[in-house]
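Enquirer: Please build the complex by placing chain B on the supplied structure of chain A, with the hints as guidance.
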Amino acid sequence: MRWLRRNLVGIIGILVLVYLFVPIAVVIALSFNKPAGKFNISWNQFSADAWTNLCGVPGVCSSFVTSIQIGIISTLIATVMGTLIAFALVRYRFRGRSTTNLLIFLPMATPEVVMGSSLLALFLNLRFPLGAVTVAIAHIMFIISFVVVTVKARLQGMDPRLEEAARDLYASPRATFRYVTFPLVLPGIIGAALLGFSLSFDDFIISFFNAGTLVTFPIFIWGAAQRGIPPQVNALATIVFLAALAIVLIAQVVSYRRRRALQGA
Amino acid sequence: MAPVLPATASAAPAARRRGRAAYVLLLPGMTWLAVFFAIPFVTLFMTSLQQPVPGKSGKYAFGLEFGNYVTSMTEYWPQFVRSFAYAGIATLLALLIAYPLAYFIAFKGGRWRSLLLVLVIAPSFASFLLRTYAWRTILADDGPITSTLNALHLLPDGRVLNTGIAVVAGLTYNFLPFMILPLYAALEKIDHRLIEAAGDLYASASTAFRKVTWPLSMPGVVAGTLLTFIPAAGDYINAELLGSTKDRMIGNAIQTNFIEFRDYPTASALSFVLMAAILILVFTYIRRAGTEELV
Numbered sequence: 001m002r003w004l005r006r007n008l009v010g011i012i013g014i015l016v017l018v019y020l021f022v023p024i025a026v027v028i029a030l031s032f033n034k035p036a037g038k039f040n041i042s043w044n045q046f047s048a049d050a051w052t053n054l055c056g057v058p059g060v061c062s063s064f065v066t067s068i069q070i071g072i073i074s075t076l077i078a079t080v081m082g083t084l085i086a087f088a089l090v091r092y093r094f095r096g097r098s099t100t101n102l103l104i105f106l107p108m109a110t111p112e113v114v115m116g117s118s119l120l121a122l123f124l125n126l127r128f129p130l131g132a133v134t135v136a137i138a139h140i141m142f143i144i145s146f147v148v149v150t151v152k153a154r155l156q157g158m159d160p161r162l163e164e165a166a167r168d169l170y171a172s173p174r175a176t177f178r179y180v181t182f183p184l185v186l187p188g189i190i191g192a193a194l195l196g197f198s199l200s201f202d203d204f205i206i207s208f209f210n211a212g213t214l215v216t217f218p219i220f221i222w223g224a225a226q227r228g229i230p231p232q233v234n235a236l237a238t239i240v241f242l243a244a245l246a247i248v249l250i251a252q253v254v255s256y257r258r259r260r261a262l263q264g265a
Numbered sequence: 001m002a003p004v005l006p007a008t009a010s011a012a013p014a015a016r017r018r019g020r021a022a023y024v025l026l027l028p029g030m031t032w033l034a035v036f037f038a039i040p041f042v043t044l045f046m047t048s049l050q051q052p053v054p055g056k057s058g059k060y061a062f063g064l065e066f067g068n069y070v071t072s073m074t075e076y077w078p079q080f081v082r083s084f085a086y087a088g089i090a091t092l093l094a095l096l097i098a099y100p101l102a103y104f105i106a107f108k109g110g111r112w113r114s115l116l117l118v119l120v121i122a123p124s125f126a127s128f129l130l131r132t133y134a135w136r137t138i139l140a141d142d143g144p145i146t147s148t149l150n151a152l153h154l155l156p157d158g159r160v161l162n163t164g165i166a167v168v169a170g171l172t173y174n175f176l177p178f179m180i181l182p183l184y185a186a187l188e189k190i191d192h193r194l195i196e197a198a199g200d201l202y203a204s205a206s207t208a209f210r211k212v213t214w215p216l217s218m219p220g221v222v223a224g225t226l227l228t229f230i231p232a233a234g235d236y237i238n239a240e241l242l243g244s245t246k247d248r249m250i251g252n253a254i255q256t257n258f259i260e261f262r263d264y265p266t267a268s269a270l271s272f273v274l275m276a277a278i279l280i281l282v283f284t285y286i287r288r289a290g291t292e293e294l295v
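Chains as they are written, first to last, in our numbering: chain A, 1 to 265; chain B, 1 to 295.
With the rest of the complex left out, here is chain A (with noise of 0.2 Å):
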């Protein structure tokens, strides 16, 4: 009994963790399994068809391309604005910073379905044929805030005796940022931009509403989800998430041995 209340929180707190991966836990297992009708959600019979024929449905591969396409440009885009914006913020003294915060702050605090349905207004009304570009622009607008979230972070944790060492050593203000500041910083960037790549693929609400006749890999999820889904989008997505979860882990044990290093040395 005693050692039950001591350790409550801990068993509350793995049952959560647990519940987290339950959906997780049926997505993976439905990419093996052959839908007894047109809807694969209860478990038939077990099946590799899914992943040894990946694109097997029409449509599947293409929309998970063009995800992966928009992904990267918005990303791109998204991260080097969102970068220079965090550095104005940290190193600058300026005019209207309140309201330059605010205009950062609000589109995170905006529901999808408002940002989606007021960007297709702009375009029905600037009469803007809706396609690639029109979703790639309304990603690389709800990535950059996150990337300014996430890399102001990184440089305000930054120490900066590290920079000071550099000027006392005579570097050159040039010198100092490409040498010091950039290599220390560029961590949170990359942060930011696999944030970014990951808030773009999944993106479906704003996507959808600016999209067209385009079809992202959400996009077909969607209308998937009327017909059925096919197992190859189960399996598609356990690709994703595996990974997602590989490049995280890996840069978690990078920085580990890195503090290791560090603190051995």
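Honestly, I wouldn't trust all of these hints.
[What the hints assert, rightly or not] To give a feel for the contact side, a few chain A residues facing chain B, derived at Cβ under 7 Å: (1) I12; (2) V27; (3) P107; (4) V113; (5) S117; (6) S118; (7) I137; (8) M141; (9) I144; (10) D202; (11) P218; (12) A237.
[To be verified] Pair ranges (Cβ atoms, derived): (13) F45(B) / G96(A): 16 to 26 Å; (14) N150(B) / G96(A): 55 to 65 Å; (15) A289(B) / L8(A): 41 to 51 Å; (16) I39(B) / D49(A): 46 to 56 Å; (17) K189(B) / M1(A): 27 to 37 Å; (18) L4(A) / F261(B): 50 to 60 Å; (19) F105(A) / V24(B): 18 to 28 Å; (20) R127(A) / L149(B): 46 to 56 Å.
These aren't lab readings, by the way, just hints derived from the structure by calculation.
No residue lacks a Cβ here, since even glycine has one placed at the ideal position from N, Cα and C.
Expert: This is chain B only, laid out in the frame that chain A set:
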């Protein structure tokens, strides 16, 4: 275990320079946000006041038709009420579920902390739509959860799927990481010596929690509830995939009016009201809870 102090910058922040260079850095990103985030709100508002062109169905022209707000609200107020009710319940449930985990990671996580945090965000790497859809399998009518609840006579309709309960369950699950991470960030900053001091002064564990830990974690509670409530109130994926037509939320109404009915003025009016309602709620909430620093 030795008290773990939060890592803080070891020296004062670097002096900020003054200069025009700042505007050059800000220009591309802020222009993008102004053109594709701020201006669309103006267009949305203008669209919400448009009038139909007589004789041409599906065409709308500039107008000051505030009646669009009246008609859309009289038609869709149940969806509004449902959105705020579902999002409210889901936020409370998420807080109850997230707090123990955030507490566990912050206070007992030790050197496993960052790995545990990775596990918290990892489910987000699998498609949002598929994760939501997976709840159709978990909550299936002949599944273990529904049968157990039925055996206990807890379900008014005899099922979970295609009811409001499933929608709330989906919302609670999907936005849980948005609750866990801010709670963790707030709990992690708490100086353990304060809790130890409460114990030294003969406070029971529950009193120490109520008077020390909980108040100090308030910034995380405020940020977490906002970050959960806002996307939940605007979401329509859960209502569409897990609920019946009787459980539709305001997001569903905005989507169908915009994309299927092409009734742009009604859809824009609904969207604008949703944004305004959420902004009012957020600002009163922040004022009462007294946390100014959210970003």
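Enquirer: Hint says 16 to 26 Å; check whether the CB-CB distance for F45(B) and G96(A) agrees.
Expert: This hint holds: roughly 24 Å between Cβ atoms.
Enquirer: Given V113(A) was flagged as interface, is its beta-carbon under 7 Å from a beta-carbon of chain B?
Expert: 4 Å, holds
Enquirer: Is it true that the C-beta distance of R127(A) to L149(B) lies inside 46 to 56 Å, as the hint says?
Expert: 52 Å, holds
Enquirer: Could you see if the CB distance from A289(B) to L8(A) stays within 41 to 51 Å?
Expert: 28 Å, violated
Enquirer: Is the distance from the Cβ of L4(A) to the Cβ of F261(B) consistent with 50 to 60 Å?
Expert: Given about 56 Å between the Cβ atoms, the range holds.
Enquirer: Does the CB of S118(A) sit less than 7 Å away from some CB of chain B?
Expert: 4 Å, holds
Enquirer: State, for the Cβ atoms of N150(B) and G96(A), whether the hinted interval 55 to 65 Å holds or is violated.
Expert: 59 Å, holds
Enquirer: Regarding the hint that I12(A) lies at the interface with chain B, is the smallest CB-CB distance below 7 Å?
Expert: For I12(A), the interface hint holds, since the closest Cβ of chain B sits about 4 Å away, which is under 7 Å.
Enquirer: Is the interface hint satisfied for S117(A)? The criterion is a beta-carbon contact with chain B at less than 7 Å.
Expert: 4 Å, holds
Enquirer: Assuming the hint says 27 to 37 Å, is it satisfied by the Cβ distance from K189(B) to M1(A) or not?
Expert: Holds, at about 33 Å.
Enquirer: Would you settle whether the hint for P107(A) is holds or violated, based on the nearest Cβ-Cβ distance to chain B being less than 7 Å?
Expert: 6 Å, holds
Enquirer: Does A237(A) meet its interface restraint, that is, does its C-beta lie within less than 7 Å of any C-beta in chain B?
Expert: Holds, because the Cβ-Cβ distance from A237(A) to chain B comes to roughly 5 Å (cut-off 7 Å).
Hint 15 from the earlier list is the only one contradicted by this structure; the remaining hints agree with it.
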